Amino acid sequence: MLDRIAECLFWIGRYTERAENHARLLDVYYHLREEDGEEAEATWKRIAEAIGDCALYEERYDAYRENDVLFFLTLDWTQPNSILSCVTQARNNLKKIREQLPAELWNLLNGFYLWLKNMRVEEIVQMSPHGFFQGLKERLAAFQGTAVSIALRDESWHMLESGRYLERSENVVRLLQSVGRIAPEQRKGAFAYTVALLKSVGGYEAFRRLGQDDLTLEGVSRFLVLQEAFPRSAHFSLAAFERHLKDMRRESDKSGSALERTIRLAGKARSELGWLDRDDITLDTLNSVLQQLLATNRQLGEAVAGTFFSPGREVTA
Amino acid sequence: MGITNKTPVPSLSSLYYNEMYDGSQVRPHYGKVHESISRMTPQERVARQTKMNGRLLEEGITFTLSGAGQPEALERTIPFDLIPRIIPMEEWETIEQGTKQRVRALNAFLADIYHEQCILKDGLVPRRMVMGNRYFRTEMMRLAAPGGTYVTASGIDLIRDEKGAYYVLEDNLRSPSGFSYVFKSRSILTHDFPELMFSHPVRGIDRFLQEFRSSLRNLSPVDKAEPVVALLTPGSYNSAYFEHVFLAQQMGIELVEGRDLVCKDHKIYIRSLSGLKQVDVLYRRIDDDYLDPLAFRPDSVLGVAGLMNAYRYGNITIANAPGTGVADDKAIYTFVPEMIRYYLNERPILSNVPTYLMSRPDEREHVLGRLEEMVVKETSLSGGYGMLVGPASTERERELFAAKIRENPDNYIAQPTIKLSTSPINLDGRIAHRHIDLRVFAVADGASVRVLPGGLTRVAMQEGSLVVNSSQGGGVKDTWVLSR
Amino acid sequence: MRLEICHVTKYRYDSPVTDSVNEIRLTPRTDERQACYQHRLVVEPNVQLQSYEDFFGNRVHSFTANAPHSELVITAHSTVVTRDRDVLWKAAWGPEESWHRVRSLEFVDANAEYLLPTEYASFHSSVEAYAARIGGEEEGVFGFVRRAANAIFGDFQYKPLSTGVHTKAEELIEIGSGVCQDFAHLLIAVCRLKGVPARYVSGYHFVGDLQGRDADFEQASHAWVEAYVPGVGWQGIDPTNDNLVDWRYVKLGHGRDYPDIVPVKGIYRGTSGQSLHVTVDVQLAETG
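Residue numbers (the numbering used here), protein chains in the order written: chain E, 1 to 317; chain F, 1001 to 1484; chain P, 2001 to 2288.
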């Protein structure tokens, strides 16, 4: 595999995962309203904050309104974190290396991109945002499912998947951080948020099935960080990330040492989570645990780049 | 309801050959297609067409227009027409044999001029037309081309005169494109118009990719069980990138850019994460000038330095070989029928369009006497000055051009205004007639030449226009060769 | 005369570079004017050299240096015996028959590659105008070529560093000064415009024993022209010194113009910070 191909695959994994996380989060947040009512503007601001850059929003708009916020978060290609931006990035990366993955995957992702690109915010509101977010999730699931179903399990597959799982582990942390930031005295709706959080990652039923009772921010955080059986937990994601890196180990002779270091780093992060006791995560320690995880994620991202990607050589005559 | 009701075909039919109609009669091999299309309402045709266009876009069968900045409006799909072009079996037999013959003769010509130059010594082709040609590569002199094959992939453009006879308009021997459109056109018609497709005995085309792959592998300079074949692309910003991806993926060969390759001790390697992997055959889709900055343009960043020397020492095969452009030059084209007689001792099966060489005094005087009827084109000799389309020119322009021709006769050829056949197309549900041509694809290795049954039918989408190039808005049709 | 040549080309890079791919044309030719007796090439770092003869009959060596290196040194030692100028021009044909010969279709065909313009020896309008002013056709092909070399020698100033390796014939006319490479390209263009086949020659010019030459400006590496003179054949002529080629000239190779016979060229990956140091030493051997 070529370094530029590795780089594209990794980012396809990351961006499709990111788009899915955004779609899930927006779907839940959009349908979450404070029980005792809040100003409409505050609602839209809260939603904008979930994944967007409010400073950028305020530069462009004078007030938080439903259509503007929805557009900003989903369809605005000049907003680097919008769903369209993520999908465009994934699609453009795949476009550069189309021959590496089955043509069906390109057709799915490109079809998805074209559908999203031509979508207007009025249509989203008209067809119901829930239907729209559902549509996003289903299309991403179709891409992922087709990949699982037909992609060759070679190094390109592992590269794609390691991008996906690193992104997922980072997203869980950011999600928890966004809720953790709400000051205690403002946590009137904390319960609603906590449930929303759990639902956004599709973990509510899993949480219940495991007989967990503790539907508090603490309890949900423990679940999303430590639960190794739940595929969207940080623990599961890092373990999967590590496994995919290990699967690339076979043929890499020259880059072996760099890859080994990255694998050890991932293994260390995963086992540290394994050693954490549920009592290690409390409201007081949550913030530092998350900080630590975020730093680890960043380190892993850099290690992957250093191991696999082109360092930008120049050619001179 | 017949489509003749809506389109006055007869006025055109005397001037140009219509693929579907003979006067007001439908040609027999188009009977079922005619019936099917006629039965549809304009709304149905529009709906069918819209669905097909959607598939083109979704599968990303696009070419990229240059100009960065906006992410929008960069990728264009090629206009695709739902009415197929049909070639009866006997007609195809002639085209196929004629194409094979031409490709064999052109390869023999290239092998000759890069070695013994017998055809020059025997005075059949003036030496200066070859040596002075900008596509002639001195670097190729005396180098062995594996299998004697210089042109592996070629595209021969055919047109038809008012009587329906086929003529070769030009040979594309450098790095012809359009293969992917042929396969995608077929895929669309099969999936989105199956009832029409399956009511005809259409020859399949999938085998051609297998043959293309075998041809490339057979050209490996060393006898290896699993030679490494790579397609060299200028990159994802190239207008034909889709085709490069398509061919690499369908043939299961590596897709590489120049920066992915490295030359080490006169061998070319792919620089992969797990180490170096030697390339045996490079199917290149970039021009000679950019192939190797050490041998050709030093400012090129698309190629790989040292490639020519790797080729010279027999460590890699380049397909098509560098320097094939000299054989598809407009002046050299006029000699192809001679080449067929000279190298193969055969009678040419496909004719050239009548072409006058301005370096021959009698032909020059003939053309200068009727410049208003002629199209004058420049050859690949150094220093030409564009072309002249006689019927569209002013007297002043013709005078200026006549002076240029007299000054540098070697630089020009002239042809009578060409005729292209017409074919019905679906234009927003309405049936209209447009000019078409046919690019026939062939692949060659040392042992044989294989021709793709069908090819690319290109359509000039503007009424009356003769310009079929996709870069200038030309469209495509699926091309059917009937097997009985 | 027996000449000993030592030509050292040294590249130094600011930081180590890799994948250096190179081609060199530093082997003196052997022909009726000169014979190369000894030739030794040394490249540091150690590389595997391969060689071939190009279309023009020049000996070319190629090599790659893929491992990181901070310096590339190419040393060429050659021993060449040259003959003095033969009094050959007496054999040159007279005006009418020499021009008739070079304009015959058969001759044009046989020498096509040396009659067409190139990027460097271009037929720019200013070059055409310059060629038209020279005159002297009445003296025959040989007389014209000498007149043209003399005109260029007189009209342009030899000035090191006033032009670069990419200067074209018309740029010499515009600037008014240049180096041997530019003088040669202009003479080639002028000859070809008149229908006289001409080619670019690279090599060495031995001037070590001459009085009153400015050693700082005197590069032993040199370029001149060979023009085809009916009756004589390819005749070397040096527009920079207004000389016919004699025993002081050692020929490395010829081509249509400079890009055909670049003595040392290479491409590598890495820093653009490099310095080039070239020394050429030409000595008269003790014993002939």
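There's no promise every hint is true.
Stated by the list, open to error - BS3-like mimics (lysine-lysine), calculated; alpha carbons at most 25 angstroms apart, straight line: (1) E/K96 <-> F/K1277; (2) E/K246 <-> F/K1277; (3) P/K2090 <-> F/K1264; (4) F/K1264 <-> P/K2159; (5) F/K1330 <-> F/K1100.
To be verified - Selected chain P positions facing chain F (in silico; Cβ < 10 angstroms): (6) N2066; (7) P2068; (8) G2154; (9) Y2158; (10) R2256.
Just so you know, these hints were derived from the structure itself, not from any lab. As the structure is a prediction and not an experimental result, all values here were calculated from the model. C-beta atoms are modelled at their ideal positions from N, C-alpha and C, and glycine is treated no differently.
Outcome of the hint check:
1. E/K96 <-> F/K1277: With a Cα-Cα distance of about 21 angstroms, the restraint between E/K96 and F/K1277 holds, given a limit of 25 angstroms.
2. E/K246 <-> F/K1277: Judged against 25 angstroms, a Cα distance of about 22 angstroms means the pair holds.
3. P/K2090 <-> F/K1264: It is violated: about 52 angstroms lies between the C-alpha atoms, which goes past 25 angstroms.
4. F/K1264 <-> P/K2159: violated, 40 angstroms
5. F/K1330 <-> F/K1100: Distance ~20 angstroms between F/K1330 and F/K1100 Cα, so the pair holds.
6. N2066: holds, 5 angstroms
7. P2068: With a closest approach of 14 angstroms, the P/P2068 hint is violated.
8. G2154: violated, 29 angstroms
9. Y2158: Given a least distance of 27 angstroms, the restraint on P/Y2158 is violated.
10. R2256: holds, 8 angstroms
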